[in-house]
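Just need the whole structure built from these sequences, with the hints factored in.
Chains as they are written, first to last, in the numbering used here: chain P, 5 to 431; chain F, 5 to 431; chain L, 5 to 431.
None of these hints come from the bench; they were simulated from the model. Hints are supplied without guarantee of correctness; some may be wrong.
No distinction is drawn between identical chains; accordingly, a pair holds when it is met within one copy or between any pair of copies.
Lysine to aspartate or glutamate pairs mimicking EDC-like chemistry, simulated, CA-CA at most 20 Å apart [what the hints assert, rightly or not]:
1) LYS299 with ASP15
2) LYS185 with ASP12
3) LYS185 with GLU367
4) LYS185 with ASP79
5) LYS390 with ASP159
6) LYS294 with GLU236
7) LYS390 with ASP46
8) LYS185 with ASP164
9) LYS294 with GLU128
10) LYS294 with ASP267
11) LYS299 with ASP191
12) LYS294 with GLU378
13) LYS299 with ASP38
14) LYS248 with GLU83
15) LYS390 with GLU160
16) LYS390 with GLU42
17) LYS390 with ASP12
18) LYS390 with GLU306
Chain by chain, the residues run as shown.
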Amino acid sequence: MLDVSLPDIRDLVRRRRPGYSLEAPFYTSQAVFDLDLEAIFDRHWIFVGVEPDVPEPGDYVTVGIGRQSIVIVRDDDNEVRAFHNLCRHRGARLLHEERGSVGNIVCRYHHWAYDLTGALLHAEHMGESFDRSCHGLVPVHLRNLEGLLFVCLADEPPADFDAMAATMAPFIAPHDLRHCKVAHRMDLIEEGNWKLTMENNRECYHCSNHPELGLSFFPPSFGFDPADISPEQAAEIAAYEAAKESFRARWAACGLPVGPIEDLVTRPTGFRTERLVLSGAGESQTMSTKIACRKLLGSFTEPKLGGLHFWTQPNSWHHFMSDHTVHFSAIPLSPERTLVRTWWLVHRDAVEGVDYDLERLTEVWIATNAQDGELVGYTQAGVRSKAYRPGPYSPFTESLVDAFTTWYVRRLSAHLGIADEPGCRAA
Amino acid sequence: MLDVSLPDIRDLVRRRRPGYSLEAPFYTSQAVFDLDLEAIFDRHWIFVGVEPDVPEPGDYVTVGIGRQSIVIVRDDDNEVRAFHNLCRHRGARLLHEERGSVGNIVCRYHHWAYDLTGALLHAEHMGESFDRSCHGLVPVHLRNLEGLLFVCLADEPPADFDAMAATMAPFIAPHDLRHCKVAHRMDLIEEGNWKLTMENNRECYHCSNHPELGLSFFPPSFGFDPADISPEQAAEIAAYEAAKESFRARWAACGLPVGPIEDLVTRPTGFRTERLVLSGAGESQTMSTKIACRKLLGSFTEPKLGGLHFWTQPNSWHHFMSDHTVHFSAIPLSPERTLVRTWWLVHRDAVEGVDYDLERLTEVWIATNAQDGELVGYTQAGVRSKAYRPGPYSPFTESLVDAFTTWYVRRLSAHLGIADEPGCRAA
Amino acid sequence: MLDVSLPDIRDLVRRRRPGYSLEAPFYTSQAVFDLDLEAIFDRHWIFVGVEPDVPEPGDYVTVGIGRQSIVIVRDDDNEVRAFHNLCRHRGARLLHEERGSVGNIVCRYHHWAYDLTGALLHAEHMGESFDRSCHGLVPVHLRNLEGLLFVCLADEPPADFDAMAATMAPFIAPHDLRHCKVAHRMDLIEEGNWKLTMENNRECYHCSNHPELGLSFFPPSFGFDPADISPEQAAEIAAYEAAKESFRARWAACGLPVGPIEDLVTRPTGFRTERLVLSGAGESQTMSTKIACRKLLGSFTEPKLGGLHFWTQPNSWHHFMSDHTVHFSAIPLSPERTLVRTWWLVHRDAVEGVDYDLERLTEVWIATNAQDGELVGYTQAGVRSKAYRPGPYSPFTESLVDAFTTWYVRRLSAHLGIADEPGCRAA
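Here it is, written out as structure tokens:
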């Protein structure tokens, strides 16, 4: 395929039509994909894992972002750090497993050895003029938001992370992720562009495709057209409103902040949070709608707290319940493939088989992820066609999809130095 | 590989040497492949299937051409229609199976529903300002030539299809494809450029590679060098001429037009037909050279009718016999891969195991396709080499290969607006 | 990935920093890879095999270099010749097996037949004006250096091969490869750029990764930092020096030239040779350090001759011992994949199971190749990262790596017509 050029991309960005899905090259072009890595994934705060990935000093995980491999490691002073996973000698990758535990980080090739702060401890045969202090591991910016780990590959990361973190901490802190463990971790490769993965996440217009998730989900909670309500839908709306009233009282009684807080479009580190009403028993996103883990998180004693969602641009979403949390990271692999990594966290003292059953804990989101992956694949297959034209988002159920694509187009505009229309200023 | 540029392609087109195979980039370059899709497959009439693919209202098949997926569906008024297989909302592919049957066409993603004329029946939550009538399925031009289905992806398809169809109808109609059924369908991926697939089809210089097909085939029927005939070949020629005489009388008695009619080079919808003498029993392209299906096609009562071939540019060839027909469609997948889809049709009242044995019916062309696929792969492997130079076609046995490549180069010339040399005018 | 342009490559070549590994695009870019094929592999003498690959008239092997397939065949007059493996008619590949034996070379497609000198013997139906003498196989330059086969795809191969061959013949001739047979041949695909394969070969700084090879190897033989020697290393050095003294006497007694001869950097056909001290029994690169084949090569009667290494730019290395030889050829497959082909030769009268055990003969280098392949893959994974920067070679143990990369950069400079800095003249 003759790919689009940079001037083409500038035109595509300029003529983006609000309220509509993007033009095809945004989803299919290698050149746009390369720009996405450069302008979005190399410059924004990317959610890559959770503090319970590295519970002890020396524990590490490796994470790929584009062609970069990053090591996240807890050092001997209990600080979690991130480095580029390559030796300063001839560039060999240092750590080859997804996770493990090390004393120092030693390159297999010529045995250059680094400590867990990244300092080069040892390099043989390099002569007297060689300065070890100039050859430490290349550090990567890392932020730990109450146990959620974000990295930024830019030299100068967006400064607005800290304000976002300050806003979000009261929502997340009660779930006490630092005293959690990873009960399960799953990688799914979706056959679609990463933006289709994100657009799919930002709406529940499609949620009739999710029978398992639907058990704990009120359809009207993600919007509806008030001019077009069937009697059945009216009853659903009434039930939802009543449940919301009851949950609000419960959240207030527990001192839990509720939201919504939404700042998805104009800032680099766009985010959204909202406490969610769950249906049925209202406890958790499970098939029974009851908690899947008897040991509750943090200092919770009440299982029925509904849910809390947290989204970040460009690549994460999270669900927090009283008994467990679920975290999702989308990582672009190629123009038409995306890795979705999912973590299920429970209290670190919870015992599998006693306090929780792993299948009960994970079955809803394993099924939901698979369904979403299929829908993303269908959309990718369609947008490849020359007959594809951007279509209209529903103003009632897809406004947050539009918030994602609008954020994305503004970030590209800012990166490319494209002047904005009045009233549409890039952050 | 540093690919050729558009100016390079223009030079390649201009300096094409008649009577010789094409220069390597025509067979290997991604840029030429993209141009082939744009100039040839998106603008000409492409053979994609047969009416018996969709015998009943609601029956559909999906067909890929380049990155497009097309739905061919019989509507409730028995009209066969073609649409782009994607939803007008966010572009999701609508139908995911190769074939099936539907009432309406409903998108899995957000349940937008279309009827079989392509009209959007239903889209929830879109608000009052949304106009359903502007969001119907995107139609594709379709022509039904006595049961052979051709589509054209261009807005303005070549107008010469109808004249070709009028010429061909008397040849095809007696085989009455509309009252046939698909006895077998097979996909083969050849590891070569689509033009090598077509060049291979346009000559029988290579037919000693086809022992099964050779049982019903007279070697001299595809040309020979009269200056270089062995005694053995002279005997073959005499036998062929005698058989031809006898078949001509037989065809005249049945009122069957004979041809040849050949207009392969100068028109967009280039084609060729000719009634073929078969050897042995002379009935069919089978191992026994006798019919493979006892129930004859249309109103035929005489099994010994020889064959009829029909070729269309750019991508099809067909064999019609008294008892069955075989149809072939070549679809480019990448510069070095081509899908060859083959259909075997018999009378729809013929019963498998009673009137015909499927293995007997299909074995000759299954073997022949595999042999051709191997030869195409060998040629692709060779033309990749920097040492490859266009070689001379045999003036006696490969003139119709030259007709194909000449048609192709003229179509590219017309598309690129390249002025022709005197005496070599593009259509 | 937006690839580098030719001006980018020129800049990369110009700013190459001596003593450091190359910048990332040299290892990852498709454009550099294409240039490597054009400037290096299509223009230099490439080691492709050994005379015992084609012991008898009619024996052939096929070898791929880039997109070219080459046939190496012994003709009826016992001359070894090389041709492009494609038919002059429509370009079909002629020979499809890795090796075999033929009378003539006959194209499967239309039965054009060539003799083993490449002359076209037969082509049917081509008419009287067709001149067979203009349609012979395309020859490839071939040199046979005492049984080592090199080809050059250029019209005008580097003339310095003959001088190199004259220098090397006294080293290689005593091993009498022409009276050897191929005991084993192995292909390994390394997941790295071909230059990483070569760099890895040019140093033993990494040899603690090779426990099997280490059994016959003196660590200090490939350099060390004299300012930083442990007591253990001092003992190793002393043992090595003593062994070298003893071997030198032995080589002199046998009349074997010793070297080192090193001309790796400035000539097109860069090379190096040196007779090597082996440890333990000092006989061969085996686990026992003793010979693996009882039948010695040539007219050798003494098994303890240590080793002889021979390197050529751009793509080969060789080890000669008294009982067997091992030959390695690196062939680029893509920017990130390289074929390493290895041959083990023994005297042609040696009988497997009697004179040698195949596992004993091959186990050291099978293990070593696998270890090297893994290290190359690790390095490729690392240099893909944006965080990669060229790192310093050890001045003591990696100077010959620097000789390889410097040769490479000079050959690119010469090809691109880049003027050299004073004191850094391209050959």
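Cross-check of the supplied hints:
When the C-alpha separation of LYS299 and ASP15 is checked against a cutoff of 20 Å, the pair qualifies neither within a copy, at 54 Å, nor between copies, at 62 Å. Taking CA atoms no more than 20 Å apart as the test, LYS185 paired with ASP12 passes in neither setting, with 47 Å inside one copy and 48 Å between copies. For the homomeric pair LYS185 and GLU367, the shortest alpha-carbon distance inside one copy (18 Å) is at most 20 Å, but the shortest distance between copies (45 Å) is not. Taking the closest pair of Cα atoms, LYS185 and ASP79 come within 20 Å of each other only inside a single copy of the chain (19 Å); across copies the shortest separation is 57 Å, beyond that limit.
For the identical chains of this complex, LYS390 and ASP159 are inter-copy neighbours only, at 12 Å across copies versus 39 Å inside a copy, given an alpha-carbon limit of 20 Å. In this homomeric assembly, LYS294 and GLU236 never come within 20 Å of each other (Cα to Cα): the closest approach is 25 Å inside a single copy and 66 Å across copies. Within a single copy, LYS390 and ASP46 get their C-alpha atoms only as close as 30 Å, which misses the 20 Å cut-off; across copies the closest is 10 Å, which meets it. Proximity of LYS185 and ASP164 under a CA criterion of 20 Å is satisfied in neither setting, with 29 Å inside one chain copy and 66 Å between copies.
For a Cα distance limit of 20 Å, the shortest separation of LYS294 from GLU128 qualifies neither inside one copy, at 59 Å, nor across copies, at 31 Å. With identical chains, the CA atoms of LYS294 and ASP267 are never at most 20 Å apart, being 31 Å at best within one copy and 74 Å at best between copies. In this assembly of identical chains, LYS299 and ASP191 lie within 20 Å of each other by CA distance neither inside one copy nor across copies; the values are 26 Å within and 56 Å between. Taking the shortest Cα distances, LYS294 and GLU378 never come within 20 Å of each other, neither inside one copy (28 Å) nor across copies (49 Å).
Proximity of LYS299 and ASP38 under a CA criterion of 20 Å is satisfied in neither setting, with 45 Å inside one chain copy and 59 Å between copies. Neither within a single protomer nor between protomers do LYS248 and GLU83 lie at most 20 Å apart by alpha-carbon distance, with minima of 40 Å and 52 Å respectively. Taking CA atoms no more than 20 Å apart as the test, LYS390 paired with GLU160 passes between copies only; the shortest distance there is 16 Å, against 39 Å inside one copy. For the homomeric pair LYS390 and GLU42, the shortest alpha-carbon distance between copies (10 Å) is at most 20 Å, but the shortest distance inside one copy (27 Å) is not.
Taking the shortest Cα distances, LYS390 and ASP12 sit within 20 Å of each other inside one copy (16 Å), while across copies they are farther apart (25 Å). In the homo-oligomer, the alpha carbons of LYS390 and GLU306 never lie at most 20 Å apart, since the shortest distance is 54 Å inside one protomer and 48 Å across protomers.
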